[in-house]
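Given the sequences, and given the hints that come with them, work out the whole structure.
Per my numbering: the sequence shown = residues 1275 to 1337.
Label pairs and their computed distance ranges (CB to CB):
#1 E1287 with F1318: 20 to 26 Å
#2 R1316 with R1295: 20 to 26 Å
#3 E1310 with Y1289: 17 to 23 Å
#4 T1280 with T1300: 19 to 25 Å
#5 Y1282 with G1328: 34 to 40 Å
#6 H1298 with I1331: 40 to 46 Å
#7 G1296 with F1318: 18 to 24 Å
#8 R1295 with K1333: 45 to 51 Å
#9 V1334 with R1277: 46 to 52 Å
#10 F1305 with T1280: 20 to 26 Å
#11 R1316 with P1288: 18 to 24 Å
#12 G1328 with N1286: 36 to 42 Å
#13 R1295 with I1331: 38 to 44 Å
In silico BS3-like cross-links for lysine-lysine, where the CA-CA straight-line distance does not exceed 30 Å:
#14 K1322 with K1276
#15 K1314 with K1276
#16 K1314 with K1283
#17 K1278 with K1323
To be clear, the hints were calculated from the coordinates, so they are not data collected in a lab. The structure presented is a predicted model; accordingly, all values stated were derived computationally and were not measured. Beta carbons are placed, not taken as given, at the ideal position from N, Cα and C, and that holds for glycine.
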Amino acid sequence: MKRKITIYKNLNEPYEAMLQRGLHETPDERFVRFFEERAKFRAFMGIKKSLKRGIVIRKVSWI
1275 MKRKITIYKN LNEPYEAMLQ RGLHETPDER FVRFFEERAK FRAFMGIKKS
1325 LKRGIVIRKV SWI
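This is how it looks when you write it as structure tokens:
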């Protein structure tokens, strides 16, 4: 995959470009692209494994 550098005139342009791209894609394509972008972000940030999330319910200390 060849990388390219995009230079924007203001901070709204990347947001508007993503909105325009999303309008032309089907929900299935957006779903797949979400996981591709998440994988790129995790690789860039150095996150090796998926984060485990959970809800912990504890009795409060002041009761």
